[in-house]
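Assemble chain X onto chain B, guided by the hints.
From first to last, the protein sequence lines stand for chains B and X. Residue numbering for the first sequence follows this note's numbering, starting at 1 and increasing by one per position. Residue numbering for the second sequence follows this note's numbering, starting at 1 and increasing by one per position.
Calculated directly from the structure, the hints in this document are not laboratory data. Glycine residues also receive a C-beta, built at the ideal position from the N, C-alpha and C atoms. Just so you know, not all the hints are guaranteed correct.
[What the hints assert, rightly or not] Output of the computed footprint for chain X on chain B, the stretches with three or more beta carbons under 8 Å from beta carbons of chain X: (1) 153 to 164; (2) 268 to 279; (3) 304 to 315.
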Amino acid sequence: MQIRDYILRRLMVLPVLIIGVSIIVFALTRVGGSPIGVYLQTGMTQEEVTELEERFHLDDPLPVQYAYWAGGVLTGELGWSGVAAAPVTDVFLPKLAATMELAVSAALVAVVLGIALGTFAGARRNRLPDHITRVFSISGAAMPLFWFAILLLIVFWVYLGWFPIGRSDPNIFARIDHPTNLYTIDSLLAGDFGAFKDAIWHLILPAATLGYGATAIIARMMRSSLVEELQEDYVDAARAKGLPERLVLRRHARRNALIPTVTVIGLSFGFLLQGSVVAEIIFRWPGLGRWMADSVLRGDQATIMAYVLFTSVLFLVVNLGVDVIYAYLDRRVVLGE
Amino acid sequence: MVDVPAGPLPTRVADSALRVRARRGGELLLALLKNPTTVAGLVFIVLLLGMAVFAPLITEPNTPDAYQMPRDWGALAVPPGSPGHPLGTTNVGGDVLYGLVWGARTSLRLSVIVVSLTVFIGVTVGSIAGFKGGKVDEILMRIVDVFLSIPELIFALAIAAVLGPSFRNIILALAVVFWVKYARIMRAQIIHVKENEYVDAARVIGDSSWRIYFKDILPNSITPVVVQATLDMGNIVLVGATLSFIGLSEAGIAEWGVLVSEGQSGISAGRWWASTFPGMMVFLWALGFNLFGDGLRDVLDPKTETSR
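Same shape as in the complex, but just chain B (with noise of 0.2 Å):
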């Protein structure tokens, strides 16, 4: 009954939200002048600009061209993108598919090995492996990505040559079908092994970078939960009823330090999304963060807009997944409001 009262009232304010994010991606379209630029060319008469800015409504009052712009928005009219000369909506998905292989792959590695880092480190408090820990924690945290792209790049593209960079060999990727975009999965479903193993290999590289800072993320929180969960009087109990201590760590402890830690997975989506922008331009992976980071430098103010109020909107829409995850883990969350 009240999980269920707390999920309504986040559900209401996410579109709330939503709105408030679309406002700011407008506004800040409208920051540099009137967005006729794009349409303009050499040679039009002023009746035909004119022309123009009725067709495109950039003649009524802001409020008008913002219900406009989002009712282009809700029914997938994205408008024009000069940098992938094609209408963004066509382009988004294919992209959009590429980011996420590399995303949710990042997230996997970042999940289960973070988890195990930070047990393996709260387990051991102020020993040297938490020690070692908290340093490539905190190194994670500080790392520039782009910094740690460019060092495996040197090591093992230029150096030792074991990975390539791009998201494909083209010949091997011309030989299957793509239904689903996700060449791991197209690989898999044509039956392709070679394909498969080609999909993979150009994975790492970029997944290492990315998979680095969600690592560090979730290793320091799940180290700093489990040193509480230690300290609570279940743990003696445990203890004291003679449970070994692997199992009182695995049974109890971790199980419950694993509750907080799964706010920060949340965070840590967020900081792959932004990554990606970075490890998308280093190994030249075709995907929706690279598309930003041109459009960006080439003024393209519709991938823009569209890029950030997609990336808002997923960033709202894991975090309260994750949000509401985490009230039904922990009962207190709900109570205590």
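Quick look at chain X alone, frame taken from chain B:
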């Protein structure tokens, strides 16, 4: 009977308050220095700030604008250890050492300006929201929520893109993005501190709201802001360098992100130095402030430890 010490009372009180404060400061410093990682952070910070402050002595500028990379057209892409270029040059003859040293200055400028701006805006907005409460609080906090809904780097990227590529616009973009955290922290603190009895006491003896705010509430709620500001001294350089790396600064300025980007084109040819060194500086800068800020939080607020 209470043993009343000699001397005029007001000065004695002020004196002892000062002594208490000094002792607390000393204890704080000792507690900070006990943690080796905090000390490491402090050492990085001191070294980097020294580099920034003494930049003109370490590498003498020979261009009219010292923040502009000098170009040695006779020594393109030379490796570290070359005469006159101890850390090598970029593809376009930029001296890497010069970029590192003057980049420290650029970073100091960036972080000090952005942190002061964002702390000022955030503390003001958070104070108004926490102090006034009601409708004002509601509206301000909804705005903060909206700002927090857009991932930091992406928000800053979009703002800088709209304003056009320049270092000044990066500063502006970061200021717009980073104030919200302070507003939220400050508001929560004020709501908490406001409830204390000493605030009621001040009100009873007739202090004005302004006086209560500046004398009783602000000093008692500022600690988490100080911790966050320390961490942000590092984070802002990190995000700023990322924006520069993507290409939102003027090309050719002595800034670490710009230099990494400039060095990137030589990587496939095996010229690792031009990107590696400046990137490492960004890392050390952010690491220094993160380690120190982390230690500061442990000491100032033992409850949270390293949980966030």
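Here's how the hints hold up against the structure:
1. 153 to 164: holds (count 4)
2. 268 to 279: holds (count 5)
3. 304 to 315: Our answer is that it holds, as 6 residues pass the Cβ test (under 8 Å) against chain X, meeting three.
In the structure shown, no violation is registered for any of the earlier numbered hints.
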